[in-house]
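K.L.:
Given chain A, work out where chain B with the ligand should sit, using these hints.
Listed here are the chains, written in short residue letters.
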Amino acid sequence: MKQLRYLFVFSLAIAIAAAGCGGGGQEKSGEKAPESEAPAAGNSAAASTDPKGIGKFKDVQLTHPLDEAMVKKGQEVAEVKCTSCHKLTEEKLVGPGWKGVTDRRTPEWIMNFVTNVDEMLDKDPEAQAMLEVCMVRMPNQNLSDDDARAVLEYMRKIDGKN
Amino acid sequence: MKLSHLLLTAAAAALAVQGCKMKSTESAVGGDAASRTYVAPGKYDELYNFVSGGFSGQVAVYGIPSGRLLKVLPVFSVNPENGYGYSEETKPMLNTSQGFIPWDDQHHLALSQTNGEHDGRWLFANANNSPRVARIDLKAFKTMEIIELPNSGGNHSSPFLTENTEYVIAGTRFSVPIGNQESALDNASYKKNFKSTASFINIDKNSGHMNVAFQIILPGMDLDLSRAGKGPSHGWFFFSTYNTEQASTLKEVNASQKDKDFIVAVNWKKAEEYVKAGKAKKMATEYYHNTFNEETHSATSEIIKEVLTLDPTELKDFVYLIPCPKSPHGCDVDPSGEYIVGSGKLAALIPVFAYQKFVKAIEDKAFEGEYNGLPVIKYEAALHGEVQKPGLGPLHTEFDGKGNAYTSFFVSSEIVKWSIKDLKVLDRVPTYYSIGHLMVPGGDTKKPYGKYVVAYNKITKDRFLPTGPELAQSAQLYSIEGDKMQLLLDFPTIGEPHYAQAIPAEKIKDQSVKFFDIAKNKHPYVAAGEKATKVERKGNEVHVYMTAIRSHLTPDNIEGIQVGDDVYFHITNLEQDWDIPHGFAIKHAPTAELLVMPGETATLKFTPKQTGIYPFYCTDFCSALHQEMQGYMRVSAKGSNVPLKWGIGDTAPGAGADTTAK
Ligand SMILES: [Cu+2]
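Going down the list, the protein sequences come from chains A and B. FYI, in our numbering the residues of the first sequence are 26 to 187. FYI, in our numbering the residues of the second sequence are 480 to 1141.
Pulled out of the complex, with its shape left as it was, chain A reads as follows (with noise of 0.2 Å):
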């Protein structure tokens, strides 16, 4: 049984690695690199293949070094709304782990899935293929701007970023 555990999640880590939502990798658009501009696999009719998704965040202002009072305030939106659901290593527990997620995902596809989930798990297909590895919407938790920007920050530092 406890064999079977580390199995899984050893197996959940690689496709995370892969997919960034763990589970399965066969998913028609699962093993699209983020950054690919290839069409996604006919997964819907108003299919985006945007890297940067489906909202108002069309170019978001990275800094560097990272800025500490953003991460301090990321960490304590995420401990109320997200950590619930997402580990901060990279194994899935409702939604998948956090660490890798800035290299996976651009900024603004970050941004606007937190703030835009709805439509984004509606017409994105990266959103959609993890929805069907998950299985769980995302909750809209409402975060203002401020916050994603916020919990972003949070992302890139548990990423080592700087």
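Calculated directly from the structure, the hints in this document are not laboratory data. Please note: incorrect hints may appear among the correct ones.
Covered, in the sense of this in silico footprint (three residues per stretch, anywhere, with C-beta under 8 Å from a C-beta of chain A), are these stretches of chain B [as the list claims (entries may be wrong)]: (1) 994-1004; (2) 1008-1015; (3) 1030-1038; (4) 1101-1110.
Here the structure is a predicted model, which means the values were calculated and not measured. For glycine and all other residues, C-beta sits at the position ideal for the given N, C-alpha and C.
P.N.:
Chain B with the ligand alone, transformed into the frame defined by chain A:
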């Protein structure tokens, strides 16, 4: 169409021979009725209709014109559907001076007004049995406040509002001795000791908070309904009364002796002045005031020990009686504020009083005498005129703002439209059956919305599929756009629908609260995030700080609870999205579940009686993995040495301790 004419003729004929017999199941529905009430999937209704739930103690919200039930709002009765009155936070809402009272009889509703028009802020509701008045917030659709009324026997003639929501009124139906004293039950004792009170509850302009500003002590009689003046008559309140005979027994006969009872006219502005001038008497009493705090998501009860009373036999000139035939129910003020319509349940006519004449009668001292020390104005001096032979058993009148009045007739089961100016009957339609109140959207305001009249009926025999001896009571929607009223729709209601209010959807829908901001949650047992979840023991009290989010409860494993512990499950719903409540239920909890709104904390208290494993779960289907949203509590014997432990996944008490065979 022919059928409708036939029916109208039949109805008129029946009336002529004192027909109170039921009409046929067939009804006069025009060919386009279906399309006029059809609200296509994805479309919204035009109006919110708030309908009193009668003996259910609740309020129901229907869409008009579809008649679709949108929500049941618990107000005076516990509600297992969402834990109202069962959760620790909402229990105080039902506290009274005589303890926790989880039921009442909810009769009338009043939407808050600004400048004599509905403003969509609050809805007020009365409890008839254990006298109380509630305020419901129309952003969250939640009962926010309940105030008890001292010196009241049955809070029937309430709640009715002044045109700027300065006061909500609460008049006694059953006269009782003031101060709840014991008294002999006979007519002599009734006349001497029994009184009725009209309570004026002041409403804070901004918060809506209620406080009993003063009570007017009136002679023993039954106050039935009430209506505030408006426009020129703003500053006055009118109450209908019955049992001015002051009988203590067999009221059915003994309270119907006199030809005329009264409309009690109260100059509340003058009463207010007396109170300001310090002329009211302080009286020791005890009543509860319960308020729900939006930030702590919890109600608290306050005990108030004093009430100001005014005696109109000592402080003259602010209470007058207008004779009104016979046992009036409604006393309704028209949109212009000039006319007051009395509806004598046992009278064969409808008396209409003119406000200007009434005022002049006071000036001229046109009194016919006194009743228990109160001046009685001459009937003719205040009378505008009478609607002759309108029907049988007039109950209640509303207005369309075009000079027309609509009166419900209980005995002859019909709505009659008549002209206020010349008092001529213009139209009549049958109702199915025994209509009580009726409602024109905004019909009690300065600017009725018109378009519809809704009948709230007591009996529905043969209108719906049989469901045993008890049938759903019903509302019926009629168009009043044309000269002729037209029946459009029947819809069943909860409890007994008494009165109702309706307001255009636009005035409410966009202000609807979609979730509570978790950052503003100041509940003392909130767990803002799973990191904050924990279990604490204080003697035999155990507090579980639990969170809910799609699709797990944290912690989902709890050990170290003992038989007889009072376990408080404080559930915080971490969701911040519209329409994602989570539920919480635990095996053998003898109360109900909780339904916790997004961003809210609610508490279920449970005292396990036996050792064992108690599963708990989310009751509201929230996601694909809702069924997995579950957990266990282990209950050990009293004094057991099983340590208190809790967690989920890696942090669960048994994590990593898998001892079963591999
Ligand atoms: Cu749930």
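K.L.:
Now tell me, hint by hint, if it's right for this structure.
P.N.:
Hints and how they fare:
Closer than 8 Å: that is the beta-carbon criterion, and the segment 994-1004 of chain B has 3 residues meeting it against chain A, so the requirement of 3 holds. Given as covered by chain A, the segment 1008-1015 of chain B passes the check, having 3 residues with a CB less than 8 Å from a CB of that chain where 3 are the minimum. Look at the segment 1030-1038 of chain B against chain A: 3 of its residues bring a Cβ nearer than 8 Å to a Cβ of that chain, three or more, so the hint holds. Under the rule that three or more residues need a Cβ within less than 8 Å of chain A, the assignment of the segment 1101-1110 of chain B holds, with 3 such residues.
Hint compliance for this structure: every hint is met.
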